[in-house]
Each structure stands twice: as C-alpha cells, then as structure tokens.
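Heads up: the sequence lines are chains W and B, in that order. For the first sequence, counting from 1, position 229 maps to 229 in this note's numbering; every step adds exactly one. Adding 1000 to a residue's 1-based position in the second sequence gives its number in this note's numbering.
By construction, these hints were calculated from the structure, which means they are not laboratory data. We treat Cβ as the ideally placed atom computed from N, Cα and C, and that holds for glycine. Keep in mind that a hint or two might mislead.
What the hints assert, rightly or not - Here's a subset of chain B near chain W, in silico, CB distances under 7 Å, partners left out:
#1 P1064
#2 A1066
#3 V1067
#4 C1071
#5 V1074
#6 T1081
#7 E1088
#8 K1089
To be verified - The calculated EDC-like cross-link candidates involving lysine to aspartate or glutamate, where the alpha carbons are at most 16 Å apart (straight line), are:
#9 W:K203 / W:D147
#10 B:K1089 / W:D45
#11 W:K50 / B:D1096
#12 W:K50 / B:D1093
#13 W:K203 / W:D68
#14 W:K117 / W:E143
#15 B:K1089 / W:D40
#16 W:K124 / B:D1096
#17 W:K50 / W:D116
#18 B:K1089 / W:E42
#19 W:K232 / W:D266
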Amino acid sequence: MTVKGFFKSNVFKCLVTLLCVLLVSGVFLTIMNGLLAVSDQERLDRAINKIYGRSVAYTEVTVENYNDNANIEAAYRIKDDGNYLIKSTGFGGFDNGSVTCWVVVNVSGGAVKGIDKVVIDSNKGQSYIANINDNFLSGFYGEYKGDFSANEGFIKTGATRSATAICNAVNGAVDYVNGKWLGNVTVDIYADFELTEYIETKKTSHEIDEGGNIVYNIVTKGHTMPSGFTVKVTVSAEGIITAYSIVNNGSSPASYADKMKPDILDGTLFVGKDFAGIQAIINEGITYPGDDKGTTISTGATQSNYLCVYAAAFATKNYQNCLDLEGGDAEGGDE
Amino acid sequence: MNKYKKITLDGLIYQNPTFMLVLGTCPTLGLISSAFSAMGMGLTVVVILTLSNILISALRKVIPNAVRIPCYIVIIATLVTFARMFLEKFVPDLYDSLGGFLALIVVNCIILGRAEAFANKHTVPEAAVDGFMQGLGFTVALTLMGIICEFIGKGSLFGYQIMDFKVGMLAKPAGSFLVYGICIAVFTYVIDCIERAKRVKANKLARENLLREVA
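Please build the complete structure, drawing on both the sequences and the hints.
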C-alpha cells in the first residue's frame, strides 16, 4: 500500500476517528475535573458536618501512630467542645482489609472520658460492611473503660471481621489521644524480643516468681480467620513449659473453635516442652505453615492452633530476655 | 401508532430493560436493598443513557463500522466519569451509597445495548426519547423493587423507619434475587394477560367482520 493509499484507506479513517473521540473525551474530562474536583478540605468539612451536623472550628495537628493495629490518618482538636476528632484506619478486617473511621474522643481531666461518635468513612474489601449498623456503633459510646476488645460479644454482627477492624480503629484513636496529648504513653518492653510477629506486645505481660519461673499473660494478634488469643503460660527456670491455659479463645465458637486440637485447647501438648519441642510440633520452624497439609496442627482450625503454638514458642524462646529485663519494669502497661 | 409513542411504550413496558430484557442485573441485584440507592442508580442511568444515545446517534455517520464499539465505550466511559465527578461534588451521599456500581455503569448492558441496537440506526430525537424511556423503565423497575426490599427487609422506606417487623433476608443479595424473580414473573404475567386480551378482542372483531361480509 502506498502512503497516499494509506491516507485514503478505511484503516486511517478508523484511527483518526478513534483518536478524535479519545482526544475530545480527554479534554472534556480534564476541564470537568478542574471544575468538579473535590478537595481534601471539602472532604474534611463534609465529614465534620456529618458528625456534628454543623460546621465547627478545629485545629489540625501532626499525626504519629501509637498502635500496631491502626493507622492514624489525621487528627484535629475541636475548638467548640475540646474533643478530639481522629481519622483512624483499623486493620484486621475481612480478607486482611481495613476500615477507616472518624472517631470523636471525649477528654476530661487529663484522661479519656469516652467515645462520643464513630462514623465509618471508607473500607477496603469489606463485603459485609452493610451489616455494621448504628446499633453496633453505639456500643462504643459512653464512659471509656479500657480497650474495646475484638473478642467481646458485641462484635458478632454478621460482619465480625469488619467489626474487629472498627474496634482496632477506635482503640488506635484512643491510644493516639492518650499518647499524643495526655502523655500516657504505653511502653513496649517486648519490642526487642524474638518471635513477636503474632504477639500483641503492648498487651502482653509477665511476672517472675522467686523460683525463677516466668508466668506470661500473652495476647496474640488475630490471624486471617481467628481473632487474638489470650494465653497464660508458665515457663520454668529450665526453659520448659509447666503450665499452659487459654484464657480467651479468639476462634469463632460457631465455626472453627471445635476443630482446634484438644491437646492445644487444654494445653497438654505444650506442657513439658522447651523451645525445641515447640518447634518440632510444626516441623518447619516457627513460621506460619500456610495451608500446607501434613503438619500436626492442620486440623481445620490451623490458624487458631498456630497462634497458640506461637504463644508457647514466644514464651520459651524469650525466657532469658525476660530475666534480662529484671530490675526494669517487668509489666507491659502504662509507664 | 406514533413512533414516539411506540418508543415510549417499548422503553417502559414491552422492552423494559429490567423485567423483559433482563439487562443490567448486576446493579439491580446489588442496589435494590435500598430504595434510595436503587432510585439514584436509575436516575443516573437515565442521564447517561439519554446523553450516550444522543451522542452516538449524532456521530453514527462519522464513526466507521469497524471501530464503532470502541468509540461507544469511550463515549459511555466519559459520560460515566463525568457523572461520578458530578455526584461526588454535589450529591456525596448518593455517590457513597452507589459505591463501585457507579463505575460499573460503563459496562452496563442496557447502555451499550441501546447504542448498538437503536441509537446508531435512528435519528437524534428518536434516540434521545429511546434513551430517556429505557432509562425511566429501568428506574421505575429498580425503585419498585427497592421499595419492596427495603420495606419488608428493613421496615423502612427511603431511610425512614416505618415499622419494626422486618424479614432481614430481603435486605440481602439472596432476597434481592427472590424479589427480582417474583417481579419478573408478575410483570410478565400481567403483560401476557394484556396481550391475550388484545388478541381475543382482535379475533372477535375479525370474526364479526367475516360474518358481516358473509352475510
């Protein structure tokens, strides 16, 4: 085909038409984007209007995270009532997604008095978020009595994982207000310990008795399906577990809890074992075995079993680290 | 019959995109648990469908046959993006409630279907009326099912609580399937009855004419 023939061909006409349509569309959308774009300030004003039902004056402050399970996106102090408005993203939702909430934290007398309002801003991959209604959110309101636990009955909403992410967002907002403005900073004494990937280090604590036994109160993180477990483990001076009991089972009672290994549920699997013994349970070392079959903890509640094994591994592996802390503050908590 | 009257009746009843052609089922099933969302989606489709029909009809002699579908998609996508910008700016509540379904209008079978089946073969005014009426038929169907699902499923109408009694399943996708199926059955049955009555009447007239001629 000659050059002249190409310019007269249907191919050329098709190309030009398509390019013209694209060009006109692009120009039109560029102009419209300039006219209709919603600024961050406008989004914030809308959110505040939704929460307070009116415009309010506020001051913005820089943000800093105080909680592993939540990310503080923005923070404001409302001038009218002195409350704190926090935009917090809670993790641990359905399919490892997250929920972003606006949380109004009421502060009085140098302490968090309560939560005044929680409004869901957006979410990532939470298919059942519509099941989270005002009735559930009102469970946060009122006097603040400590962290909203992801294991409490009130998160059983038909969107339990999304509710867990919302709990984490609210807890993160409170931690932030406590740490940033009220100075009640929670010190993570286990930050340098080994095997902390699945451990809520700021909620975990231990005590050392006169015989050199360490009694741990370990709070694990949640996994894809189960929420966090709370486990009480006693490790002797020889680094051997002498007692193991599950204080709070993070597995869903309706689905997976009954599939956990019985000897994990009653702790007999761990008693008498040191770290090498715990490691041998999983065969492949203390890393999550995924969906691999064949390990003794693959029972249909593999993730729940794994969190319990991991807690035992954490306890035995860090015996010496706990002794090294002796002389300092051995309690995880407020300093 | 006046052609505009035929286009109107086709859009609303005889070729109703939701009940008769069963097109656009994705947003239908996803949004009819709330009457507000259902009506909002319907009205958005009315605007996009009318504008896309007008543009495609106006450009039907310019766009070569070989690239007509890509051109239609670009035009529809541009209109949907504009609708998203407009709703986010001026009706943020509706924008939030429609969520991902708003962007999915680009691949809504009704819009591409009317562009291909009607707009590129008819004049601009006819295409405009067709787009508006098809969109209106879609809106009425969605709103009707939205009202049923929300009233029975949540005990409310357009967000206002009316009664405590509710059948929660109807506010969920499974309930939407049921309501959609029942509505299609009822609508088809009613249309069928009307058509049958028309045929009986026409046969009777024809018989009377025949008898008169014989006599």
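Distance restraint between K50 of chain W and D1093 of chain B, which requires alpha-carbon spacing of 16 Å or less: Judged against 16 Å, a Cα distance of about 10 Å means the pair holds.
Does the nearest C-beta of chain W fall within a distance shorter than 7 Å of the C-beta of V1074 of chain B? 5 Å, holds
With a cut-off of 16 Å on the C-alpha distance, tell me whether K203 of chain W and D147 of chain W pass. Satisfied, since the Cα-Cα distance of roughly 10 Å is no more than 16 Å.
Verify the interface restraint on C1071 of chain B: the C-beta must sit less than 7 Å from at least one C-beta of chain W. 5 Å, holds
Let me know if the C-beta of V1067 of chain B comes in closer than 7 Å to any C-beta of chain W, holds or violated. Interface hint status for V1067 of chain B: holds (4 Å vs cutoff 7 Å).
Hey, K1089 of chain B versus D45 of chain W, does the alpha-carbon distance stay inside 16 Å? It holds: about 13 Å lies between the C-alpha atoms, which stays within 16 Å.
Interface hint check: A1066 of chain B, Cβ to nearest Cβ on chain W, cutoff 7 Å. Holds or violated? 5 Å, holds
Is K50 of chain W close enough to D116 of chain W, meaning Cα to Cα at most 16 Å? 14 Å, holds
Can you confirm whether the C-alpha distance between K1089 of chain B and D40 of chain W stays at or below 16 Å? 12 Å, holds
Quick check on P1064 of chain B please, does its C-beta sit within 7 Å of some C-beta on chain W? At about 5 Å, which falls below the 7 Å cut-off, the nearest Cβ of chain W leaves the hint on P1064 of chain B intact, so it holds.
Would the hint linking K203 of chain W and D68 of chain W be met if the CA-CA limit is 16 Å? Distance ~11 Å between K203 of chain W and D68 of chain W Cα, so the pair holds.
Straight-line Cα separation of K50 of chain W and D1096 of chain B no greater than 16 Å? 13 Å, holds
The structure fails none of the hints (numbered hints given earlier).
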